[in-house]
Structure formats: C-alpha cells, structure tokens
Amino acid sequence: MLSMKNISMVYRTDLVETHALREFSLDVDEGDFVSVTGPSGSGKTTFLNIAGLLEQFTSGTYELDGRDVSQLNDTERSKVRNEKIGFIFQGFNLIPDLNLFDNVDVPLRYRGFSAGDRKRRIERVLDMVGLASRMKHLPSQLSGGQQQRVAIARALAGDPRFLLADEPTGNLDSQMAMSVMELISDINRFGTTIIMVTHDPALAELAGRNVHIRDGRVSDIGEDTQIVAAAHG
Amino acid sequence: MFNYYLKLGWLSIRRNPLLSALMVAAIAVGIGACMTTITVNYLMSGNPIPHKSDQLFYVQLDNWDPNVQSDDPLEPPDQVTYTDAMALIQSAPAFRQVASNRSGLVLEPGDEDELPFNVQSRNTFADFFPMFDLPFLYGSGWDDDADAAMERVVVLSRETNERVFGGEDSVGRNVRMNGMNFRIVGVLDQWHPVPKFYDLTNGDFNDPEDVFIPFNVAIEYQLPRNGNTNCWKAPDGEGFEGFLNSECVFIQFWAELRTEAEKQEYMSFLDAYAEQQKLLGRFPRPLNNRLSNVVEWMKIQEVVADDAQVMLGLSLLFLLVCLLNTIGLLLAKFLGKSGDIGLRRALGASKPTLFVQHMVESGLIGLAGGVVGLGLAALGLWGVKVLFGDDLEYLVRMDWVMILTGIGLAIASALLASIYPTWRACQVAPAGQLKTQ
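Protein sequence lines, in the order shown, are assigned to chains X and H.
Here the first sequence stands for residues 1 to 233, numbered as in the numbering used here.
Here the second sequence stands for residues 234 to 670, numbered as in the numbering used here.
It is worth saying that the hints were derived from the structure and are not from the lab.
Cβ coordinates follow ideal geometry from the N, Cα and C atoms, glycine included.
It is possible that some hints are incorrect.
[To be verified] Derived CB-CB ranges, DEER-like:
{"no.": "1", "chain 1": "H", "residue 1": "608", "chain 2": "X", "residue 2": "186", "range": "57 to 67 Å"}
{"no.": "2", "chain 1": "H", "residue 1": "612", "chain 2": "X", "residue 2": "71", "range": "54 to 64 Å"}
{"no.": "3", "chain 1": "X", "residue 1": "141", "chain 2": "H", "residue 2": "240", "range": "17 to 27 Å"}
{"no.": "4", "chain 1": "X", "residue 1": "15", "chain 2": "H", "residue 2": "553", "range": "40 to 50 Å"}
{"no.": "5", "chain 1": "X", "residue 1": "61", "chain 2": "H", "residue 2": "585", "range": "26 to 36 Å"}
{"no.": "6", "chain 1": "X", "residue 1": "115", "chain 2": "H", "residue 2": "550", "range": "41 to 51 Å"}
[What the hints assert, rightly or not] Interface residues of chain X toward chain H, partial, derived using beta-carbon atoms under 8 Å:
{"no.": "7", "residue": "52"}
{"no.": "8", "residue": "79"}
{"no.": "9", "residue": "106"}
{"no.": "10", "residue": "110"}
{"no.": "11", "residue": "201"}
Model the full assembly from the supplied sequences, consistent with the hints where possible.
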C-alpha cells in the first residue's frame, strides 16, 4: 500500500546542501506495523513527513495505494492526508481551547461528513480509547497519556488507511507509554497499518518490522515475529 | 462550515484578548472618524424629496447685467425679480409653480404673560404645500382664492403651534403677527427636509420656517424681507414700489413639471418671455434661462461644501492608516497561530479552507470594530453638533443606511487588511510546526 523508491531529500541553502534522505526505498503492506529507528539526524522525521505528504521530496517515486502521489498539488495532498493518513505526534498536538469532542472533530470537518456521521464516529473512537465520558473536557484537564489517547482517537476517526506515529510515547512516563503502546498495538491488530518512528529499541520491538535509518539510508530491515506474536497474543 | 469558522474565530479572538482588542480599537477609531464625515456628507448630499425630485425644477432667469461679473459669469442669478415671478405665476404653463421668499416677523402670543417673539415666515403660494408634500397635523394649506384675495391666513409649523397653543388643534383660531391677525388654516407635522432644498439661498441646512403666509399678503403689507437680495443696478423708482419693479432678485421660484414635454414647453415659455423682455430693454445678456431639478440645483449650489469633502478624504486616509496598523497586528496574530495552522494542514485542511477560516475571523474582528466605531462616530457627530450648534442638528444623525454602511465598511476594511496576513499564515509548512508545538 505504501511504496517508496529511491527517495532523496536535499535541503539547500546558499552555502550548504544537506542530504536528509538518500536513495531511500521502503515498501509497507496493508496491516503492517513498522517501527522506524535511527540516531538523531538520521532522517527519521524527514521520512515520516514525506510519508505523510507534509513535505515534498527532491527525487524518487512514492506510491500510495498504487497512486503516484509525488505530482499532486497542495490541495490534492491535503485531501489524501485527510482521507488516508492519521497522525500521532509526540507532543499530542491537541488544540487547547477545543474540548475532546471538537478536537477529534477537526479532520472530520475537512472531510465533509454530515453532523450525525461525525458525532457517531467521534463517540465511537473516544469510546475505543476509553474517554467517551470525558468528551466535553478540555485537553488541559487530562493527563499526558489521556491526551495522547485523544490524539489517537482523532487519527482514527476518519478510518485512515494507515497511522503515522512520531515518537508517540516520547512525552509520557513508562506506565503511560506502555498503555498507549498497547492501544496502538490493538489498533494494528484490528487491521490498521502503522508506521511508528521511535528512538526507543524496546518500543521498536513491539512492531512487526523494524526499519533502521542511518545517514538518510535504510541500513537494516528486520522482522521480530516473537514480539509480534506476543503483542497479538 | 461557516458556523464552524465563526466558532473558531470567536475562540481565537478570546485566546488573545489584548491583541484582538487592539485590532478592534484600530478599526473602530478609523471607522469612527470615517463614519462621522461620511454621515455629514451623506446627509448633505441626500435627496430630500426622492419620489419627485426629478419633477421639481428651480427656475433661473438671466436678467443680469453683462458688464457686472459675478463669481461665475455664465451662471444666471440664483433668484428672480418680483416682476418676473409675477409674470410666471400668471402665465407660465406649469402643473404647479410657486414663488417664495422669507420674512422676519414678530408673533404676539394670545397669553398676555407670554412675551412676543421673532418668527421666520415663508411667504409663498397655495401650491407650495402639495408641491413639496408638506405633512399636516391639523387642517391644510390655503387655496388659490386665498392667494388671489390676499387673505391673511397662516400655516404654523408644529413647533410654533406647540409653543403658542400647547400643541392643540388651532385651526380656525387667530394668531397675531406684526400687529395683524392671521387666521390659522393648518398646522404642519414634523417637516425637516435636509438639505432645505426649496431655499438654498438662505442657509442650506437651516430649519424650515416657523410660519407660512401668502406671498401676496407679505407684498401687500410690505413685510420685512429676511433673506438674500441682490441687485445689479439701483431701482429706478422710489420706495417699495420702486424696489418691486427693479432688477433686484430676492424670490425663489419652483415649477412642478411632470413630463419631459411639460418641461420643454415650460422652457420654451421662459425663452419666449426673456425675448419679450429684451424688447422692453431688459435681459441684456444672451439667452441663458435654466430649469434644474432638485439634485441638479443642489449640485449647482454646492450644497456639499468643499471642506466637508476634504474632511471626508482625510478621514478615509486616516482609516487607511488604521488598516495598516491592523495589518501588522493581524500578521502578528496569525503567524502566532502557526502551530494551529500547521496542525490543521496536517489533518487535511487545504490552504483555501484555512484562508476562508481566517478571513471569517477577520470579519468578526471587523464586525466588532464596526460596532465600536459606530459608537465613536455617534460621539464624533455629537462633537460636531456641540461645535457648530443646532443649525446642524439634522446633519448629525445616523440612519439605518449609515449604520449598515458603517458595519459593512468595517467588515470590508478588516477583510482587506487581513488578505496579506492570512495568505502569509497559510504558507506555513506544516512539517516545521508539528515538532515545535
């Protein structure tokens, strides 16, 4: 469903050229749970931004569900993001003066769903993350773990083809992190494709596949069926 | 989506109350200054009798001396002589026509405890009332027979009737002016045409007169004139009779002509009359008679003063300065929302969608600025009234048109000011914002 071939990303200034990704190739199939690891500056976030159509790349090809998305204009990219991709950020990125219901509602508004459909979807996903009873609360009234659950609910509400998670537990303590990871694993178990960037090898082991990036290149693609089995078990 | 944008706009305004208040204040000050001058200009240039202004024509006859240069040598005098006014009244083919001028009289109230007081009198003909659609509270105007018989009848303004008779129906009673009894035939309701189009030679924005009496009576009893009188040569004869037969102009003359054919016929009559007068040694200048409808006449008389238009221009420039400030404030506000915009872009909002969202927010700020600005404009108009006195009372009122104009101008100004800041904000690269939130 996601296929990147020889993607390069070069940031240019008058003085220097920085190669964030070099000849980067990756295929992700439907239902995969892929972790992306690598040291700081290796290109993890650049990969995630390109995968999420948040940034244009310099060269290479990127196909999403068999469609070449490298030539889409800005509005078309927005539409693809809205319909096919769910984002989970390290900093949760909830809008502070909107309650949980309205935060989850944001991507649905741009999708053009009817009010009734939006309400049904929001209630379903908030129920899924265990926060249905708090939908009128503001984000500031929740713990970090609960806020990340809301962010996950927001990512899931539009039934995206895959989730992109950028250090989803980076701002959480270990107990909350584990709870959020269990939720993400459950979501994958129900069929949603997940690509998760993390610097934590322990979290990376929860994924079915691990992609290690170094200097903008894929340096290693591994499988850990034992952990996948455990996560599904 | 519009309601959603309104909600987001309101939340955004609440999130930065100080910045939002500054923007509202900047727009409000500009709108306040602008609406003060726009209102004065609007009322100055408003059509005081729109339903028939194109059927009412001010008559100008050029009886002037070719050797005496006036301000505009090509312009005929702005009033007519008694000789010409009477000739037109008797013979000119109009549906209605009236000559009128103004006198200052002394009214003696029936109550002996009350002191006499000065009143302004409009001396005119019976057609004046239906021609200019004067509203009556009691009774009506007089008829043509009263004009012909020089009956001492009078129509009181509502204010005069309230002062002398406490607002009662005074029709049939007498009122004493300049030592003579006048029988009251009518009392006007409120009537304050702005500008006072029927006599632009005696104060464009003055109040209408306190009483209305037959023109022939004013002449017969030689009541003192209280208005502009211009002569290009001294009267040939002696006394009042000599003045009436002179080339002195002191009478405003209006004709009601309902069709273009009636106007053409009337114009032909004026020219024929002038040619006839040339044979008698009058009208030495080339033929130059005029018929101007109400709007044309107001333009010729420059009812909207040049300084008022200069003030309007200056206030629009001031609004522009306020908008430049608003642009800076909006830029600061919207760029401060980069994180929110980046997030919405990531979640699927397109640039046009976010552009509309922020324009709606700017419109809300404009609306608030408009409301506050109208309050400031009301304050400004009150200041104009205090500065220039009651003469401008009817120029310093805002009607619904002005209120809606003020709101519309404020919203349009805010939208205009927000185009660049909104465009800049929508250029935010979402990827750069999401890590920094």
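(Q) Run through the hints listed earlier and report the numbers of any the structure violates, in increasing order. (A) Those not satisfied come down to hint 11.
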